[in-house]
Amino acid sequence: MVLPHLRTPGASTGGLVSSTGALVISLCSATLLAGTAALALPTATPAGPASSAPGTATPAPAVAAPEASTPTITAPGTTPAANSPARGATTAPATASPATPTAQPVVASRIVLRLGKRDIRLEQGGKVYGPWPVAIGDARTPTPTGTFQVTSKVVNPIYASTKTGKVKGTVGPNGPLGDRWLGFKTLGPNQFGIHGTPSAWAWTVSSRSAVTNGCVRMFHEHVRKLFDLVDVGTPVVITR
Numbered sequence: 010m011v012l013p014h015l016r017t018p019g020a021s022t023g024g025l026v027s028s029t030g031a032l033v034i035s036l037c038s039a040t041l042l043a044g045t046a047a048l049a050l051p052t053a054t055p056a057g058p059a060s061s062a063p064g065t066a067t068p069a070p071a072v073a074a075p076e077a078s079t080p081t082i083t084a085p086g087t088t089p090a091a092n093s094p095a096r097g098a099t100t101a102p103a104t105a106s107p108a109t110p111t112a113q114p115v116v117a118s119r120i121v122l123r124l125g126k127r128d129i130r131l132e133q134g135g136k137v138y139g140p141w142p143v144a145i146g147d148a149r150t151p152t153p154t155g156t157f158q159v160t161s162k163v164v165n166p167i168y169a170s171t172k173t174g175k176v177k178g179t180v181g182p183n184g185p186l187g188d189r190w191l192g193f194k195t196l197g198p199n200q201f202g203i204h205g206t207p208s209a210w211a212w213t214v215s216s217r218s219a220v221t222n223g224c225v226r227m228f229h230e231h232v233r234k235l236f237d238l239v240d241v242g243t244p245v246v247i248t249r
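Quick note: the sequence shown uses this note's numbering, first residue 10, plus one each step.
If you are wondering where the hints come from, they were derived from the structure by calculation, not from laboratory data.
Check the hints yourself; a few may be wrong.
[Unchecked claim] Computed beta-carbon distance windows for the label pairs: (1) ASN183 <-> VAL137: 25 to 35 angstroms; (2) ALA211 <-> LYS126: 36 to 46 angstroms; (3) GLY197 <-> THR173: 30 to 40 angstroms; (4) GLY197 <-> GLY242: 15 to 25 angstroms; (5) LYS175 <-> ARG149: 16 to 26 angstroms; (6) VAL137 <-> LYS175: 36 to 46 angstroms; (7) ARG123 <-> THR173: 28 to 38 angstroms.
Built from N, CA and C at the ideal position, the CB exists for glycine as well.
All chains should be built: construct the whole structure from the sequences, respecting the hints.
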């Protein structure tokens, strides 16, 4: 699914903010309020199409129905800090040559989504997590291919209709976006993301269906693990 436009108070882009100060995410045909626990915010939001939870433009989820339109999301957060420079080793006695400074290892990390196999994995520090099954965009609203990056991380995103403005009250595992959102591409007010899947739509993930508006659905346990392992800025590589 694709998240809708999400804005935070004081954000340069402006946007919707609830009376309680909650972040607002607007989904294409459905809008989203970012949950109170938005963890990360991209410094720049990449442009691109978006998708959203299955169903019509109404906020309530409908089993087997196509997702709502794609959203745009901007969650508050911090950019991962760079590794501190390694210290040089001390110099040996006068008769010996200076020791070579020891460089600290750099942990490479990237998310890889294969549309053909409909699976996703995380490659990090020489380890591979997954692959995990996913549901992807259908032929009319396909998941984009290319190299992107995680632009936002949001806990408990709130779904709302971009057409009616009606907010979907359900938040958490049973909400249209589950309880985790990793945004990776935006197009206007819409954004593509990797997110959880409510139990009513879990079959779309287990069957690896192409039914979304471009977003990537995962089982809760898988997306939560992925969410905890990556930072804003992590590359997202999507191949056919």
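These are the hints, each one checked on the structure:
1. Evaluation of the 25 to 35 angstroms hint for ASN183 and VAL137 yields a pass: the beta carbon distance comes to about 30 angstroms.
2. At about 19 angstroms, the beta-carbon gap between ALA211 and LYS126 misses the expected band of 36 to 46 angstroms.
3. Range check, GLY197 to THR173: Cβ separation about 19 angstroms, and the 30 to 40 angstroms hint is violated.
4. Range check, GLY197 to GLY242: Cβ separation about 22 angstroms, and the 15 to 25 angstroms hint holds.
5. Separated by about 24 angstroms at the C-beta atoms, LYS175 and ARG149 satisfy the suggested range of 16 to 26 angstroms.
6. Between VAL137 and LYS175, the C-beta spacing of about 42 angstroms keeps the proposed range 36 to 46 angstroms intact.
7. For the pair ARG123 and THR173, the supplied restraint of 28 to 38 angstroms holds, since their beta-carbon distance comes to about 36 angstroms.
Hint compliance for this structure: hints 2 and 3 are not met, and every other hint is.
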